[in-house]
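Model the full structure from these sequences, guided by the hints.
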Amino acid sequence: MNNTFNINRFGLLLKRQWLEFGKIYLMSLVVLTGIIIAFYFFNIPDLNRSLYRWDDHGHVQLGFRLPTFMAIGFLFLTIVASTYFNAFGQKPKAIMELMTPASVTEKFICAILFSTILSLISYLLIFYIVDAIFLNYFNELWQHNKATNYNTGKLTAVSFSTLFDDLTSEREFKFFFALPFFFSSIFLLGSIYFNRFHYIKTALSVTALFSFIIFLTIKFGNLMTEGKTRVYAVDYLEKDFVFKIFFWSSVALSLIIWLITYVRLKEKEV
Amino acid sequence: MININNLNFGYNKHKPLFKNMSMRLSNGHIYGLLGKNGAGKSTLLKNLAGLVYAQGGTLDVMGYDPAKRQPALLEQICFIPEEFYLPSVKIGTYLKANAPFYKNFDYGYFNDLIKEFDIPVEQKLINMSYGQKKKVIIAFGLATQAKLVIMDEPTNGLDIPSKAQFRKIMASAMTDERCIIISTHQVRDLDNLIDTVIMLDENDIALKATVEEITEKLTFKKVKEIDDSIFYAEPSLSGYNAVMPNYHQEESKLDMELLFNAILAEKIKFKPLFS
Amino acid sequence: MEFRDNKAIYLQIAEYVCEHILLGKWKADEKVPSVRELAVEMEVNPNTVMRTYELLQNKNIIKNKRGIGFFVDEAATEQVKSYRKQQFIADELPVVFRNIYLLNIGFDELENQYKTFVKENFNA
Chain P
1 MNNTFNINRF
11 GLLLKRQWLE
21 FGKIYLMSLV
31 VLTGIIIAFY
41 FFNIPDLNRS
51 LYRWDDHGHV
61 QLGFRLPTFM
71 AIGFLFLTIV
81 ASTYFNAFGQ
91 KPKAIMELMT
101 PASVTEKFIC
111 AILFSTILSL
121 ISYLLIFYIV
131 DAIFLNYFNE
141 LWQHNKATNY
151 NTGKLTAVSF
161 STLFDDLTSE
171 REFKFFFALP
181 FFFSSIFLLG
191 SIYFNRFHYI
201 KTALSVTALF
211 SFIIFLTIKF
221 GNLMTEGKTR
231 VYAVDYLEKD
241 FVFKIFFWSS
251 VALSLIIWLI
261 TYVRLKEKEV
Chain V
1 MININNLNFG
11 YNKHKPLFKN
21 MSMRLSNGHI
31 YGLLGKNGAG
41 KSTLLKNLAG
51 LVYAQGGTLD
61 VMGYDPAKRQ
71 PALLEQICFI
81 PEEFYLPSVK
91 IGTYLKANAP
101 FYKNFDYGYF
111 NDLIKEFDIP
121 VEQKLINMSY
131 GQKKKVIIAF
141 GLATQAKLVI
151 MDEPTNGLDI
161 PSKAQFRKIM
171 ASAMTDERCI
181 IISTHQVRDL
191 DNLIDTVIML
201 DENDIALKAT
211 VEEITEKLTF
221 KKVKEIDDSI
231 FYAEPSLSGY
241 NAVMPNYHQE
251 ESKLDMELLF
261 NAILAEKIKF
271 KPLFS
Chain S
1 MEFRDNKAIY
11 LQIAEYVCEH
21 ILLGKWKADE
31 KVPSVRELAV
41 EMEVNPNTVM
51 RTYELLQNKN
61 IIKNKRGIGF
71 FVDEAATEQV
81 KSYRKQQFIA
91 DELPVVFRNI
101 YLLNIGFDEL
111 ENQYKTFVKE
121 NFNA
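Chains as they are written, first to last, in the UniProt record's numbering: chain P, 1 to 270; chain V, 1 to 275; chain S, 1 to 124.
Treat the hints as calculated values from the structure; they're not laboratory data. Beta carbons: idealized from backbone N, C-alpha and C, even for Gly. Among the hints, erroneous ones may be present.
To be verified - Only pairs whose alpha carbons sit at most 30 angstroms apart, straight line, appear in this in silico DSS-like list of lysine-lysine: (1) V/Lys-13 x P/Lys-93; (2) V/Lys-133 x P/Lys-93; (3) V/Lys-133 x P/Lys-15.
Stated by the list, open to error - Restraint ranges, calculated between C-beta atoms of paired labels, are given here: (4) V/Asn-27 x S/Ser-34: 16 to 22 angstroms; (5) S/Glu-19 x V/Lys-267: 39 to 45 angstroms; (6) V/Asp-60 x S/Asn-58: 36 to 42 angstroms; (7) P/Leu-209 x V/Asn-27: 48 to 54 angstroms.
Claimed, not checked - Computed from the model, here is a short list of chain V residues facing chain S with C-beta under 10 angstroms: (8) Lys-168; (9) Met-170; (10) Ala-171.
The structure is reproduced here in structure tokens:
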């Protein structure tokens with residue numbers, strides 16, 4: 001039998017992990033849904049207040065949606081990732097995990113699937129559904145404040161494009177699409193690297209590391225530009241280039257961090 | 001079955017646990033691993049199971065290097081740690097999740113063992129007592145039909161009837177294809193099950209010999225007075241329990257506890273007998 | 001089974017088997033428990049029982065029918081008795097003799113004691 005990857009064994013492993021963590025995972029999805037719904041409820045705009053903002057097309061602006069999406073998404077993804085290898089921090093559990101007859105590769109892919117792919121998909125799905133329901137609800141609520149939607153040609157109160165359409169309409173957003181994988185991979189590594197308090201420790205390490213990098217960048221930038229004058233402004237193409245570097249480096253970093261996680265898993269001793 | 005060659009291991013660079021340890025274990029035996037606290041009993045077992053990695057030398061378990069953690073080897077190892085974890089599910093769910101990994105898993109045998117151990121099947125594993133959980137994992141481990149059975153202090157936490165059940169189960173679990181290694185410091189629980197004694201002391205194997213070999217070379221008996229022929233003696237109610245060379249081909253019963261203390265105290269005297 | 005401390009386990013198991021044969025619980029030409037069965041009953045290593053059976057085979061008390069198992073020999077009772085006699089003469093008699101000598105007991109007195117003992121215990 002293949003000792004690196006066997007689809008049957010991998011299936012068994014998925015089933016085993018699901019039977020072990022599935023219930024808790026589903027419960028966390030319920031909590032997640034509750035939190036998103038709560039955010040929408042607290043942010044339902046009151047149209048009778050003059051303070052309320054309208055966008056250029058005469059639609060109600062729901063500015064809270066994007067920050068909510070990002071913040072909750074960040075927390076959810078990182079929490080799920082940072083709990084996945086929890087078991088390896090406790091010797092008795094770690095022994096059971098390591099002695100399970102599946103290869104390191106299978107255990108690793110299983111970890112990526114559950115901690116990153118599944119959580120990302122379920123988050124997007126849940127957010128999409130809740131968002132769509134609320135947008136429908138708002139449109140019903142404000143029957144009399146409708147304006148024509150540019151995209152659909154329909155009369156609506158709020159711009160009835162989902163957040164995902166919003167996210168993809170601005171082309172720059174696309175360059176951030178690897179970020180969820182990046183953050184998730186960091187916290188997945190943290191969950192196997194640290195034995196306890198994975199989340200706090202990972203968060204602290206990452207903050208420290210990023211602060212250091214930012215500090216260095218600023219210092220370096222100052223050093224390079226000190227006493228020099230700008231000759232010409234950054235043009236559109238150059239801006240695009242920076243975004244591209246940002247995108248591909250986040251992809252590369254995620255892959256590198258996954259590789260480190262794989263090695264840590266392979267080298268884990270109890 | 002197992003070939004250990006010049007194994008070096010230590011959790012701390014300055015305090016090695018094993019120095020150039022070599023040993024060969026074969027199937028058809030129940031090995032009793034003895035040693036003081038901290039002598040490295042559990043660590044040796046973990047080395048065999050691939051839970052920690054040798055820092056020098058080689059380990060060969062059924063033709064595999066345990067450090068590679070290949071599924072083909074893992075499914076042939078039943079490892080019962082001293083401290084273990086069972087998820088918060090019922091036995092049925094646990095079986096469904098874990099048993100299919102072992103191609104030869106014997107469901108009927110598992111049920112027999114559970115019945116014999118008197119385990120409430122409908123109860124969640126997490127609500128069971130330590131002893132009950134231990135019995136579940138022993139039953140599971142044996143039902144995997146793994147060829148290498150490693151148990152770290154298996155009788156810890158078992159009540160008196162369970163210990164007798166455990167001995168019966170182990171007696172029937174021992175087959176010619178199996179190699180069973182049991183570490184224990186409660187020697188009296190298991191001394192009639194063990195057929196080969198392995199004693200760890202001072203970074204190496206202080207003794208590895210079959211019970212037959214030991215009682216051929218040594219005799220264990222009660223004496224009234226101590227004389228020079230006696231290797232080691234402990235006072236008892238009616239004189240002394242003594243270990244001495246077996247000059248008259250006496251067929252005495254191996255007193256494992258006495259042997260253990262004797263070797264710790266008088267290692268040099270025993271060396272020439274077992275080499 | 002409770003084992004005594006003074007004798008090798010495999011010999012104690014041999015005594016157990018002999019006892020069963022003498023008491024007629026295991027009869028001639030009947031199958032005796034397999035190595036594994038007896039090991040489980042005694043809570044001992046099967047290798048120990050194997051050693052017992054090898055010993056009893058050498059003493060012609062049981063015999064191995066290949067592929068079927070161990071059987072009580074037709075002449076087992078006699079063999080057990082002769083084996084026991086050997087053991088008695090080797091192990092226990094020297095102790096009795098030593099006491100007879102030390103306590104200065106005459107053979108006539110010994111004979112009388114013996115006859116009374118047999119009469120009281122076995123009605124012979």
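A quick look at each hint next to the structure:
Distance restraint check for V/Lys-13 and P/Lys-93: the Cα-Cα separation of roughly 26 angstroms lies within the 30 angstroms cut-off, and the hinted pair is therefore satisfied. Simply put, V/Lys-133 and P/Lys-93 have alpha-carbon atoms about 14 angstroms apart, close enough for the 30 angstroms limit, and the pair holds. With a CA separation close to 22 angstroms, the supplied pair V/Lys-133 and P/Lys-15 stays within the 30 angstroms bound. Checking the proposed 16 to 22 angstroms range against V/Asn-27 and S/Ser-34 shows it holds: the Cβ atoms sit about 19 angstroms from each other.
Checked against the given bound of 39 to 45 angstroms, the beta carbons of S/Glu-19 and V/Lys-267, roughly 40 angstroms apart, stay inside it. A hinted range of 36 to 42 angstroms for the beta carbons of V/Asp-60 and S/Asn-58 is consistent with their spacing of about 37 angstroms. Between P/Leu-209 and V/Asn-27 the CB atoms are about 52 angstroms apart, so this pair conforms to the stated range of 48 to 54 angstroms. Taking 10 angstroms as the C-beta cut-off, the interface hint given for V/Lys-168 holds, the closest approach to chain S being about 5 angstroms.
Because the smallest distance between the Cβ of V/Met-170 and any Cβ of chain S comes to about 8 angstroms, under 10 angstroms, the interface hint for this residue holds. Nearest Cβ of chain S to the Cβ of V/Ala-171: about 4 angstroms, under the 10 angstroms cut. The hint holds.
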